[in-house]
Each structure stands twice: as C-alpha cells, then as structure tokens.
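*Asks:* What follows is the residue order along each chain.
Number of protein chains: 2
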Amino acid sequence: MKLRDLGEFPFLRRLQQRVPRDAHVQLGIGDDCAALALLGTTLLTTDTLVENVHFRREWTTFTLLGEKAFAVNASDISAMGGEPTFALLGLSVPQDTEVEELDAFFDGFLRAARASHTSLIGGNMSAAPCWMIAVTLLGHAPHGIITRSGAQVGDDVYVTGTLGDAALGLHVLQKGQSDVQAEEAKARFLCPTSRLEISRSLVAQHLATAMIDVSDGLLQDLGHICETSKVGAEIKGEQLPLSPSYRALCGERDWNLALTGGEDYELLFTAPVEQRTAIADIVRTALAPITRIGCITSHAQGICVRAADGSMYTPTQAGYDHFRTE
Amino acid sequence: MKLRDLGEFPFLRRLQQRVPRDAHVQLGIGDDCAALALLGTTLLTTDTLVENVHFRREWTTFTLLGEKAFAVNASDISAMGGEPTFALLGLSVPQDTEVEELDAFFDGFLRAARASHTSLIGGNMSAAPCWMIAVTLLGHAPHGIITRSGAQVGDDVYVTGTLGDAALGLHVLQKGQSDVQAEEAKARFLCPTSRLEISRSLVAQHLATAMIDVSDGLLQDLGHICETSKVGAEIKGEQLPLSPSYRALCGERDWNLALTGGEDYELLFTAPVEQRTAIADIVRTALAPITRIGCITSHAQGICVRAADGSMYTPTQAGYDHFRTE
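So the sequences go chain by chain: X and E.
Each residue of the first sequence is one higher than the last, beginning at 1 in our numbering.
Each residue of the second sequence is one higher than the last, beginning at 1001 in our numbering.
Errors might be hidden in some of the hints.
To be verified - Stretches of chain X that chain E covers, calculated by requiring three or more beta carbons in the stretch to come under 8 Å of a beta carbon on chain E:
no.: 1; stretch: 44-55
no.: 2; stretch: 89-103
no.: 3; stretch: 127-135
Claimed, not checked - Quick look at which bits of chain E chain X covers, simulated, 3 or more residues with Cβ under 8 Å:
no.: 4; stretch: 1028-1036
no.: 5; stretch: 1049-1059
no.: 6; stretch: 1129-1135
no.: 7; stretch: 1138-1148
Claimed, not checked - From the derived model, a few chain E residues whose C-beta atoms are all more than 12 Å from chain X:
no.: 8; residue: Val1072
no.: 9; residue: Pro1094
no.: 10; residue: Gly1176
no.: 11; residue: Asp1179
no.: 12; residue: Val1283
no.: 13; residue: Pro1289
no.: 14; residue: Thr1297
no.: 15; residue: Arg1306
no.: 16; residue: Thr1314
Keep in mind that the hints were calculated from the coordinates and are not lab data.
Note that beta-carbon positions come from the ideal geometry of N, C-alpha and C, so glycine has one too.
Same shape as in the complex, but just chain X (with noise of 0.2 Å):
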C-alpha cells in the first residue's frame, strides 16, 4: 500500500502504537511538542541522511537503513562519552513511497534505539523528491563529557575497530564487487558498529583527554582534536588497525582509505602514557579492539603520518566535504 492512500495522520497514528511508553517521557508522539523533565547534563546532537548522497537505495535495504539512522547519531553521543536516550525523527519521503517501506525503516530504527534504550519521543513527516532523514538525538553525561578539547602534548593516540572500511564498503558498492572481501566492507558502510560499550568506559573511568567519532576521514577528524586543542600528532603508518578485507583489497602500504574515509564511526580518542594499562583492560573486558595508533606532539609539527622506516606518508586525496569541490 502506498502513504499516500493509507495518508500521513493514519500512519502516524499506527506508529504511535508501535512505540513502547516510558515512564520518563512525560509527553511522547502525538502533541505540538514532547516534554521531558531532564536532569544533569543533556547531550544534543542532529544528523540527516539523505537518498543519492548518503546511500543509494538500491545498495541497502530500509530496515538497515534505519539503523544507520539510528547509529550515526548515536556515534555522536558516544564521542562525547554520553548515553543516548531520547530520538526525534524528521523523515521526508516521496509521495509514492510504500507503507512497508516506512514499516521497515521504523523496524530498523526502532530496534537500534530500544538496543540503546532510547525512546521516540517525537518527529514529523513531509513531502520531499527523495528520502531524507534528519535525526535528532539527546544523550546523558552521569560521569561528564570527553569534549575535542583536552588533548595534551604527549598523549597517545587511540582508534576503536578498523580504519577505511566503510569507504571501501561504498567503493565496492559503487563498482558493483561482490566476492567475500567486498561484503564484508559493504556491511561496514551499510551499518557502523556501536562503540558505546568502550566510550562508557573510557569516562567512566575518566581515561581519555579527548575524544572524536571518525565521521569524515581520521585525518579531518584527527585535525578538529589537534585544532581545538591548540596540538599537533604523529601516526604511525603501519599500526593504523586495518581489517582483513582493507588488506586484501587495498594492500598493507595503502593506507590512504584508513586515513581519509568516512563514516567509520570508530572513536578516536586520546589518553596519558600512564593509562596504558588501563585502556588494555577495556580491550579485554569488553572485547573491544582498540589500537594505539599515534601520539600528541606540538601545534607548530601540525600532523604527519610517518612509516616504520622513518619516511613521511601523504595520501593522495584529503577527508570528507560534503561541498568542497576535489
């Protein structure tokens, strides 16, 4: 059936019953606004994908599509060391678009935020020529917030998971490959893993100076951290974490992808020498890879990739800008 026979109120009317009540919401789907009484510190943040610049639908399906939605968000809250809690949800579609379209993408969405105990609080719908999502998410900080800020002369360097695969991912999806190494990095861009488990930790235990989701490449990334905390960095080139399909596809010494590919959603953060110890922890406990990739030098050194051998990388393209032109 088509929205536009079932129509926008009917709809909405169905999702409201599909979305769990929480006693915390003082005022959910279905007014001009929700209410909330919130306490402590409340993290914001609001991402949007939009059809032919963020995913093509015909590489995904709306349920995965949902939970990217979802996730993408929820990388944010994890980057400040937050708890999501709370998703509006702004979804334009085509007139034409199928209710089971709708019913799959609200399956994804939906499932992700109840893995993150977050609770639909609230959205609207519209007309557009194509899908656009724009999320909202609001997060809690009980033990305080890792801002991009902190960073020290110094620190280490740190990475969750592998570098470069859901720009591989898109590459692939882009050329069409299907052999065994190219699902796995497509599985990466289609949906990013959540780091929540090792953000809770990483401040609950006040380990790291800084921190950042990789969103846009870990140079650009990287670079917000060195430019907000007035410091420069040193990547060592061959301990950048790279998956077993980054080096069948794009070799050990391609490291270009790992440093500039976006919409990895790994954390990058950074942390004294003397909290070494700890973080290895994390990464037993939790099962989590974390890789020590760098360290903090100077503002005036700015950022370099440096090989084993002492030689400097350059990759041959810079990180993501949605407007800049190559």
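Given chain X, work out where chain E should sit, using these hints.
*Replies:* Relative to chain X, chain E alone:
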C-alpha cells in the same frame, strides 16, 4: 562565492563566530554534541521545510526562509504554552549553493531566534538535491504545559489572528497574482506571525484547557484536539476571523480556506466560559487579536460548522495531508 569553493568546515567556522555566546550553554557549536544543563520541563519539537514542497525559491528570499524555518518550530513551542530556548539546525543544500544565500538564510534564522531569546547550539550540513531545512527546537515551560487533551464540553473555542491567509497566499503565489490584497496574503504565507505573547498570557493565567497551532487547517487541527480530548465542536461560520484580503479575494461567505487552509500558525485553544473576561483582557493589553469561534460539544456530535441561519456548512476540501491523494 559557491559553498563548494569555500568548503563546509570554513563556512561552519565563520558561522560559529556569528552565533552569540550564551552562558546557559555548556558546549555549543563545534564538538560532536552540544551540552546543556536543563531544569524543569523541557519541550522538544522538530519540523522540516523542503524546497518545492513547502516553498519555492522564486517566491521568497533566503532571509524570509530562515525566519520561517524558525517560526514554524517556535509555533509548536507556543502551542504548548512554552518559550523557545535552544535550536539545532540540519541544513541540506545543493553543492552549487552560493555562500551569500546561506548567509542570508542565517541572517533570518538567527534574527528570529534572537527575537525569541533562543540560541543556536548545533546542527549539521549536508549536500542534497534541493534545500531541506530540519530544525529541532527546545523550549521550557515554567508555568506547565497546555496539551491537546484537556478540552471540556461547554468550553469556548478561540483562535488568534485571521484564518486562511497563508493558504490564500500560496494560491496567489501559484497564480502569479500581485495586487495589494494578494501581497498581504503572500506575506502571511512567507512568514507567520509569532503568537508567543498570547501563549505566555494564557499559560501564566491557566486560562486554556487545550491548545494546538493551526498548521494543517482549522478543522484538521481542531480534529486533533477533539480526538485527543474525546469531545466534539461546533464552529460558527460567521465568527471565523477573516482578513480584509481574504474577504476581498474569497468573499465573506466562502469559508473553505479559513476552515481547511494550512500554515496559518495561529493558536487554536479552548477555555471555560468563565474565562471570557480574562481572555478579553489579553486582547486589550497585548493588542493581539483573539476571536471566539464556537464551543466544545460532546464527542458523539463530532465537529460541525454552522451558519447563523442554522444551516450546516461543509467545506469542499479536507485539511492538509502531505501524502493523501485528494
């Protein structure tokens, strides 16, 4: 200059410098999230304007568009009896957008925000095939909130301002009409009037039992109050507040647009009969128009519009639904 020549991050740095600092914001634009310490009841709403769905570039200016993007969200906060406080802005625009267009948009948005003592605390920018403006607005409600669910049988029904002008404005824009009456109606479509002052008086004196803003047409929005409050309503046709432009272009007796036209962003509320004097006082002191247009009846009676001669009036169209085929 095109945005693609300046780049996303340089533009955002420039913008950051334009946004005034607010002592209530722990962390504003420039990190993964904004951070706030919020007390009491927090209101949240999100609304999206999509090019060629909600507006056409050739009809408006980017400054007016920025004002409207703020105003339609502020209207939802007013409709709960709240005051807007903080805004997030998800802005998706074509890659060849001129920086001057964005500057004009932010001129309007930030001016409207400042007039309502609201701080822009974050957002994101993305490429898109057309302009899409997703605003999330927070508000506070120091005197409690007015929901849609409190209307009682016997209550009066009131509306602020005049009805149908925005829909009429859209109509004359589509037709390319440009006499004096047409210009007045266009202005109502291009930038709605804030009703914050009336809302503030209503909630401070606990006068209204239910409230909503008229965004999808009077009958449809009254329908939301009636459905949620489990009541009916009788509207007196001759009491509908019609502007001189409306009377000139539609006539005194054609109530179609007044009953079903969207985007007026006036406040529709119900109040007990004994509050008539207090409400008349608001009209006098705030110099703001409020008109009593009918009364709340039992749920079984549904919603009807009656003319002075006792006859029922049935509009020839329904209220606005983005997806419903007429």
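*Asks:* Please go over all the hints and tell whether each is borne out by the structure.
*Replies:* Now for the hints, and whether the structure bears them out:
{"no.": "1", "hint": "44-55", "result": "holds (count 9)"}
{"no.": "2", "hint": "89-103", "result": "holds (count 5)"}
{"no.": "3", "hint": "127-135", "result": "holds (count 6)"}
{"no.": "4", "hint": "1028-1036", "result": "holds (count 7)"}
{"no.": "5", "hint": "1049-1059", "result": "holds (count 4)"}
{"no.": "6", "hint": "1129-1135", "result": "holds (count 4)"}
{"no.": "7", "hint": "1138-1148", "result": "holds (count 6)"}
{"no.": "8", "hint": "Val1072", "result": "violated (10 Å)"}
{"no.": "9", "hint": "Pro1094", "result": "violated (9 Å)"}
{"no.": "10", "hint": "Gly1176", "result": "holds (23 Å)"}
{"no.": "11", "hint": "Asp1179", "result": "holds (30 Å)"}
{"no.": "12", "hint": "Val1283", "result": "holds (22 Å)"}
{"no.": "13", "hint": "Pro1289", "result": "holds (21 Å)"}
{"no.": "14", "hint": "Thr1297", "result": "holds (22 Å)"}
{"no.": "15", "hint": "Arg1306", "result": "holds (25 Å)"}
{"no.": "16", "hint": "Thr1314", "result": "holds (20 Å)"}
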